[in-house]
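Asker: Please work from the sequences and hints to get the whole structure.
Residue strings, one per chain:
Number of protein chains: 2
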Amino acid sequence: MRLHTANDVRMKVRRLREGHGYIMTVEIISVGTEILLGNIVNTNAAYLAEKCAAIGLSCYYQEVVGDNEERLTGILQTALARADVVLLSGGLGPTQDDLTKETAAKVLGRELYLHEPSKAAIADFFRKRGTEITENNWKQAMVPEGCIVVDNPNGTAPGIIMEDKGRHVLLMPGPPDELIPMFENAMIPYLNSLQPGIIYSQTVKVCGVGESKVEAMVEDLIREQSNPTIATYAKTGEVHLRVTARAADEKEAKKLVKPYVKELKGRFGNHVYTTQEEVTLEKAVIDLLLANHLTVGTVESCTGGLLAARLINVPGVSEVFKTGYITYSNKSKRKLLGIKKTMLEKYGAVSPQIAKEMAKGAALFGKADVTVGITGVAGPDGGSEEKPVGLVYIACNVCGRINVKECHFSGNRMKIRESSVSSALSLMRESILAYYSEVTFGKKS
Amino acid sequence: MRLHTANDVRMKVRRLREGHGYIMTVEIISVGTEILLGNIVNTNAAYLAEKCAAIGLSCYYQEVVGDNEERLTGILQTALARADVVLLSGGLGPTQDDLTKETAAKVLGRELYLHEPSKAAIADFFRKRGTEITENNWKQAMVPEGCIVVDNPNGTAPGIIMEDKGRHVLLMPGPPDELIPMFENAMIPYLNSLQPGIIYSQTVKVCGVGESKVEAMVEDLIREQSNPTIATYAKTGEVHLRVTARAADEKEAKKLVKPYVKELKGRFGNHVYTTQEEVTLEKAVIDLLLANHLTVGTVESCTGGLLAARLINVPGVSEVFKTGYITYSNKSKRKLLGIKKTMLEKYGAVSPQIAKEMAKGAALFGKADVTVGITGVAGPDGGSEEKPVGLVYIACNVCGRINVKECHFSGNRMKIRESSVSSALSLMRESILAYYSEVTFGKKS
Numbered sequence: 005m006r007l008h009t010a011n012d013v014r015m016k017v018r019r020l021r022e023g024h025g026y027i028m029t030v031e032i033i034s035v036g037t038e039i040l041l042g043n044i045v046n047t048n049a050a051y052l053a054e055k056c057a058a059i060g061l062s063c064y065y066q067e068v069v070g071d072n073e074e075r076l077t078g079i080l081q082t083a084l085a086r087a088d089v090v091l092l093s094g095g096l097g098p099t100q101d102d103l104t105k106e107t108a109a110k111v112l113g114r115e116l117y118l119h120e121p122s123k124a125a126i127a128d129f130f131r132k133r134g135t136e137i138t139e140n141n142w143k144q145a146m147v148p149e150g151c152i153v154v155d156n157p158n159g160t161a162p163g164i165i166m167e168d169k170g171r172h173v174l175l176m177p178g179p180p181d182e183l184i185p186m187f188e189n190a191m192i193p194y195l196n197s198l199q200p201g202i203i204y205s206q207t208v209k210v211c212g213v214g215e216s217k218v219e220a221m222v223e224d225l226i227r228e229q230s231n232p233t234i235a236t237y238a239k240t241g242e243v244h245l246r247v248t249a250r251a252a253d254e255k256e257a258k259k260l261v262k263p264y265v266k267e268l269k270g271r272f273g274n275h276v277y278t279t280q281e282e283v284t285l286e287k288a289v290i291d292l293l294l295a296n297h298l299t300v301g302t303v304e305s306c307t308g309g310l311l312a313a314r315l316i317n318v319p320g321v322s323e324v325f326k327t328g329y330i331t332y333s334n335k336s337k338r339k340l341l342g343i344k345k346t347m348l349e350k351y352g353a354v355s356p357q358i359a360k361e362m363a364k365g366a367a368l369f370g371k372a373d374v375t376v377g378i379t380g381v382a383g384p385d386g387g388s389e390e391k392p393v394g395l396v397y398i399a400c401n402v403c404g405r406i407n408v409k410e411c412h413f414s415g416n417r418m419k420i421r422e423s424s425v426s427s428a429l430s431l432m433r434e435s436i437l438a439y440y441s442e443v444t445f446g447k448k449s
Numbered sequence: 005m006r007l008h009t010a011n012d013v014r015m016k017v018r019r020l021r022e023g024h025g026y027i028m029t030v031e032i033i034s035v036g037t038e039i040l041l042g043n044i045v046n047t048n049a050a051y052l053a054e055k056c057a058a059i060g061l062s063c064y065y066q067e068v069v070g071d072n073e074e075r076l077t078g079i080l081q082t083a084l085a086r087a088d089v090v091l092l093s094g095g096l097g098p099t100q101d102d103l104t105k106e107t108a109a110k111v112l113g114r115e116l117y118l119h120e121p122s123k124a125a126i127a128d129f130f131r132k133r134g135t136e137i138t139e140n141n142w143k144q145a146m147v148p149e150g151c152i153v154v155d156n157p158n159g160t161a162p163g164i165i166m167e168d169k170g171r172h173v174l175l176m177p178g179p180p181d182e183l184i185p186m187f188e189n190a191m192i193p194y195l196n197s198l199q200p201g202i203i204y205s206q207t208v209k210v211c212g213v214g215e216s217k218v219e220a221m222v223e224d225l226i227r228e229q230s231n232p233t234i235a236t237y238a239k240t241g242e243v244h245l246r247v248t249a250r251a252a253d254e255k256e257a258k259k260l261v262k263p264y265v266k267e268l269k270g271r272f273g274n275h276v277y278t279t280q281e282e283v284t285l286e287k288a289v290i291d292l293l294l295a296n297h298l299t300v301g302t303v304e305s306c307t308g309g310l311l312a313a314r315l316i317n318v319p320g321v322s323e324v325f326k327t328g329y330i331t332y333s334n335k336s337k338r339k340l341l342g343i344k345k346t347m348l349e350k351y352g353a354v355s356p357q358i359a360k361e362m363a364k365g366a367a368l369f370g371k372a373d374v375t376v377g378i379t380g381v382a383g384p385d386g387g388s389e390e391k392p393v394g395l396v397y398i399a400c401n402v403c404g405r406i407n408v409k410e411c412h413f414s415g416n417r418m419k420i421r422e423s424s425v426s427s428a429l430s431l432m433r434e435s436i437l438a439y440y441s442e443v444t445f446g447k448k449s
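Protein sequences, first through last, are from chains G and V.
Heads up: the first sequence begins at 5 in this note's numbering, then just goes up one per residue.
Heads up: the second sequence begins at 5 in this note's numbering, then just goes up one per residue.
There may be inaccurate statements among the hints.
Beta-carbon label-pair distances, calculated as ranges [claimed, not checked]:
1) E323/G x E254/V: 55 to 65 Å
2) K217/V x Q100/G: 39 to 49 Å
3) T99/G x Y26/V: 41 to 51 Å
4) H297/V x K344/G: 27 to 37 Å
5) K344/V x T99/G: 48 to 58 Å
6) K371/G x G352/V: 37 to 47 Å
For the record, the hints were derived by calculation from the structure and aren't laboratory data.
We put the CB at the ideal spot given by N, CA and C, even for glycine.
Answerer: Quick look at the structure:
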């Protein structure tokens, strides 16, 4: 069955390659009553949509439907009538409520059979965890005739690929820590194999430049785009620019993408913190610290530990992170960092002077090369005409040279704090880069 | 037009009230290419779904569609054929791309006209911000004939309610900070007015008990439920139980809900941290500290500031929060908290002993009544057979009495850290409550 199907795929691929230029469409169906009830946010759909866009599939519809055979049947039939690829996530669990696989098989007129390798994998999964298998778990080893079975090393429900009259139905488990690795490792290569040529994309990540400015700066490129295309993705405090090309092979696609990435790097200069998909802004900062043998310390008031928490989310941070202080009260600013009471009274806790003193204090008491102080009004209370909610001062000290940035953020308390952290990371990068471009070699220490 | 429509609504309400027991269905359509591309996560749908469930509407389908007239028309027609209420969000902006209102009006056979109060509101909005109005903004003041216009104090696109053959189409702007207040203030009262009687719900929030245990403990109640219903919502480290009743008036509905809330409080005892919708676990902890005139300090290793950040997200925390330390390295544990090198060598940084020393150190150096120390292996590296990834020790010191909890979490680095923070908050509550139940009055200080 498997071989037969794989052969069909190859035939299909050949036909598709001949019809060069056709863009496949994908429809994303999320199955789960917990999404319909608003119990959880549908992050799977966003993840799948972004990945599908990156490999050149067009998505026109997404749906959410509960664990209900009749309604799922209707949704799936509609999707099959209008899309080349249908992604289904959720409803592959062991209970009677989970009926995505059974329903999809019925819609495509397939019987289920016991797939021995999946049965063995499930047994193995439970054995490793030292837990008992319940009888209903074997339901997860039943798969539709003529399907491709996809391993799930992170759970018990295998993934399923079915092909029917030129349509492709992909079933994946709902938990993101099972779905994401399965999609990356098995489904993306499969979907790439269906398309004429290949899709290659690279992301240029920019920080310290506002979204609208970034868009204005690439407007001409986007207006004239055909292959590659350029898409902008705004995140808190940063913007990602994805350059995507379609070509006969990877070499050719890379050749198409390269000049655009170079052009973007030229336009945004030092604001480009990475061109690697997996590198986050905090990782870029940590890497910069590691490369320069610098240690880091933080002092936070309104952000209350969020900056340290983001830095510490980078594995391997222990080599550079020294100490973090959370000095929410004026008293702790004085006690822990030795900031003078007269200064606090003169300038107020939310001031460029105090941000600077916080960064200095962290260097002195926390003994780190690069230190950051953040103080601001996160709201909803505590704002004034002179110092409104959203006013934040960030100071970054690199080996004694201190930069202070004044920011005005909007949104609720959490939004203001998250924006502050992103700005602090941008300022850290800028300050370290400026330090090394200004200080002549040997003068540093 | 408006009055005529309002009259229709009242007629409808009367008819519906007569047909007691009918549950209205709702379909949620999110319009936006940025959702189809996975550029943003569809939090609006989750928000609307949860709110609709809370007021007793049944949701069977959710859809996402781009800013495309043909496809939106198809989706809207399908939704109108199967749901009583259709919620549309997004696509109400001033550009040519925004066509939700125009499309919905066309589907329902209505012309648009210039709504003078909306025009005045838009002009006012721009005047207040001191920015120029561009000509295309007036498009947002055009509304369908015979609709109810809903004010939008947070943006320029008004909300729209249309009624057609017993169906209700509600249009809302996409930005959450416009959609949420509009839904709470105008759309929920409208939807409530359509239903026979009223819906009242109360949430019992439980911490420190696992999801499956909570479900087992209320299984009998859920099995026998009719009115009120009980639904469980699992969050990181906590479970929310929502009791929802439908009755002729609020008094009667509250009477139906009350014994169930009492029963749940009895079953979960001290694990119930609130029965108020807006109270978070961190807010409950801060309130408990305030009520007992206690101050708080934190020392974090693997969580790196996340616990402090969550506490500091509660407005008004400045009265209780003293100092937070982030001691990621052993050196900082020694320097800042005076933990002996011999202890760190003997037990290792991830041990109940060191968690205890961290909490003690925070009390001594940070001068707080309640202190928490967290140390653990967040992964992906750093785990061993003896101390695997996910092992976390949390110590809570209340005026010298210290509790230590050993936890085993699964998931990625971020998940393990978030679970640690939730467990720390639960432990803080438990420890403070236990302290006051054990210590006789007057003995405390």
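Asker: Hints first: check each against the structure and report whether it holds.
Answerer: Right, here's what the structure says about each hint:
1. E323/G x E254/V: 55 to 65 Å: Roughly 60 Å apart at Cβ, these two residues keep to the hinted range, so it holds.
2. K217/V x Q100/G: 39 to 49 Å: Roughly 22 Å apart at Cβ, these two residues miss the hinted range, so it is violated.
3. T99/G x Y26/V: 41 to 51 Å: violated, 30 Å
4. H297/V x K344/G: 27 to 37 Å: Hint holds: Cβ distance 29 Å, inside 27 to 37 Å.
5. K344/V x T99/G: 48 to 58 Å: Holds, at about 52 Å.
6. K371/G x G352/V: 37 to 47 Å: violated, 24 Å
Comparing the model with each earlier hint shows violations of hints 2, 3, 6; every other hint is respected.
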